[in-house]
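There are 2 protein chains.
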Amino acid sequence: MRAEAIAAGAALAARDLAHAPTAQKDAALAGLADGIRSRRRRLLAANARDIATARKAGVRGALLDRLALDDRRVEAMAEAVEAVAALPDPVGEVVASWRRPNGLEVRQQRLPLGVILMVYEARPNVTSDAAALCLKSGNAAILRGGSEAARANAVLADLVASALENVGLPARSVQVVDDPSRELLAELLTQDRFIDLCIPRGGQGLMRFVRERARVPVVPHAEGVCHVYVDGGADVGRAVPVIVNAKAQRPGVCNAAECLLVHRTIARELLPRAGRALLEAGVELRACPTSLAILGRASVKAVAATEADYGREFLAKILAIRVVRDLEQALEHIARHGTGHTEAILTRDLASARRFTREVRASAVMVNASTRFNDGGELGLGAEIGISTGRLHAYGPMGLRELCAKKFVVEGDGHVRE
Amino acid sequence: MRAEAIAAGAALAARDLAHAPTAQKDAALAGLADGIRSRRRRLLAANARDIATARKAGVRGALLDRLALDDRRVEAMAEAVEAVAALPDPVGEVVASWRRPNGLEVRQQRLPLGVILMVYEARPNVTSDAAALCLKSGNAAILRGGSEAARANAVLADLVASALENVGLPARSVQVVDDPSRELLAELLTQDRFIDLCIPRGGQGLMRFVRERARVPVVPHAEGVCHVYVDGGADVGRAVPVIVNAKAQRPGVCNAAECLLVHRTIARELLPRAGRALLEAGVELRACPTSLAILGRASVKAVAATEADYGREFLAKILAIRVVRDLEQALEHIARHGTGHTEAILTRDLASARRFTREVRASAVMVNASTRFNDGGELGLGAEIGISTGRLHAYGPMGLRELCAKKFVVEGDGHVRE
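For the protein sequence lines, the chains are P and Y, in the order given.
Residues in the first sequence are numbered from 1 upward in steps of one, following our numbering.
Residues in the second sequence are numbered from 1 upward in steps of one, following our numbering.
Repeated chains share a single entry, so a pair holds when one copy, or any two copies, can fit it.
The list that follows gives simulated cross-link-like pairs (lysine to aspartate or glutamate, DMTMM-like), each with its CA atoms no further than 20 angstroms apart:
| # | residue 1 | residue 2 |
| --- | --- | --- |
| 1 | Lys317 | Glu418 |
| 2 | Lys406 | Glu359 |
| 3 | Lys406 | Asp375 |
| 4 | Lys317 | Glu284 |
| 5 | Lys301 | Glu284 |
| 6 | Lys317 | Glu307 |
Note that these hints are calculated values from the structure, not bench results.
With the rest of the complex left out, here is chain P:
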């Protein structure tokens, strides 16, 4: 019942929001950014209590890091909301248009999807980011964050509600769900009369739960098991910094690399240099027998990888390494262990680059660039609500445009079909 009331309320708000003027939506976002800044202390205090609870519950490492706010992160949240306000309104954008031989004028034009249910875990900034992106794209949002961030999310909920009310938009345009139970989530996932899209961002458990229960359409944002493959004739001097960046620049995120694949002909030259650089960056190496021997001979510290280390998202400074016979074997390894998120090849060979980009099925395929570039901002899409690992509707970073649908508008002069 609760879920139906939330979903039906969102659907009602969505009808108004779909035609809200850009200036009104932008004013709400400006109000939200102001609110975040002026209520910084309240937000930090709530976050401190969230963290204390999480610590007691045994939460550690990457999850705790993602949960934590400080002055800098709160300011970044406000700035992110302002950045979304500054982006062009996607609603009404004409994507393509053409004239038919019979004189009909056809155009495809963006409209909001309707109601978006966002399911995520600990990061409080996802609450303000998702609220801003949904609002700007004319969608009503139901934001269901993790229990770890419940208190900070409650503060944000108040800020969003005030910002909406102050500009005369329906308060239920953005609903922050204060009950993080799986029961309510399960019920929300069946509200297909009212909810147009569910975006789950999280670990395997959450994704499975959503997949099994959802009757609403889902665009999954699953984990990233990303590989960097170093081809036979690669430029070793250029390859090493890319490998270190892909793994160590921010190991707790989904576009960080988890596994290094090295062509056998370059392994002896590459591995000792890459290994040393990775160790300096604090990375633990888990190597296949061949790479372990090469690293050992060069006195680079590594441990033997187990089969379970391949296809695993460490979310930490740990890298699996495997020497492969050729590009073919690298492609097989990626097809088997990759999650369709981000895959990179480092090569000087045109044929290898062409084959890799053609055959690898991933939301982003990098050639001589770090996996870390698979990001809405870095790719030039503006802010993103997440990175879709499903191929339907959107694949890769989802920005404002990907939160919209496209309809046909056709103009004639009394045209009839023969």
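Since the structure of chain P is provided, determine the placement of chain Y on it from the hints.
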């Protein structure tokens, strides 16, 4: 078990098919077209037995018409397959590309979705159309037609299998399911490890079944309750042929109009003329009290509409009529009774046209044109697999491009993220 074998087989075939050269796919399609022509008699004999069985089971009207093949329709099936072969291959198409300030080259490029499960009812031509569109777009297809067309579909299954084998493509690239039971369908709908998209085309019962059972992503192709709204100052002489065309040119299809909404200021002028033209075209009129009185005074035969006549897909030469107070009330009627398929406004007023196209949520919004133009061929997309009534991924006619996903390909010179 049976469903899993079908789905896993398709997924295996999809891996080969994704990289199959265009010429090979086109050769398979040419072979299929040839097969349809050379086995015309076998196809017609099988269809005759399907029809006899359907008649015995009490099938009548539009459904029986859609099931029936004749020489002309078989030739049209072969030509449709050839038309798909002649379209450009969507796989590998660069949709957009740009350069980032740091020199990274970004492009978005099409790839097949993977495995498509097509669920449909009586028309045998959907089997050959869907096979052709999936194959050309590099997707493996599982085609589950209605039991009414089982014998014709079995003949087509053989033709498709031979065409694939003759050019060396995996036979399981296109599987025509010979068991039309709901049990097998229910199992197929849970094969989310292997199936990337389900396209259901059919009536409410089938759509509900798919929605309730599917764990695979679904792009619904639901029924069309399409309206034609005649605005206050419309050109009556031009409006009448459009109304007749929208209703009567082919009443058994989803983009035919089911309801005429007329602004009260033009009702007296329009309705008698439109009514006579519709009667001449054999259309039964079901009118609201106001329109019934106007038609009656002009001696145009009509019956009183019941509330159930609004929002109903007649699939027959029956038209509901309602006089509305203004554009606002027309928009409300459409929001309440429309199915998001196709809606049309006939007007001379720019403001009315702008508001209608902005506010109506439908896959195609027509201005001074018949609803019958919401069709892949008519809109210039080439052949279509159907008309999506869901906003996610594709909205409106789905052609080859809509059977693809887009991935990012990013090229750098050893770029790392700061």
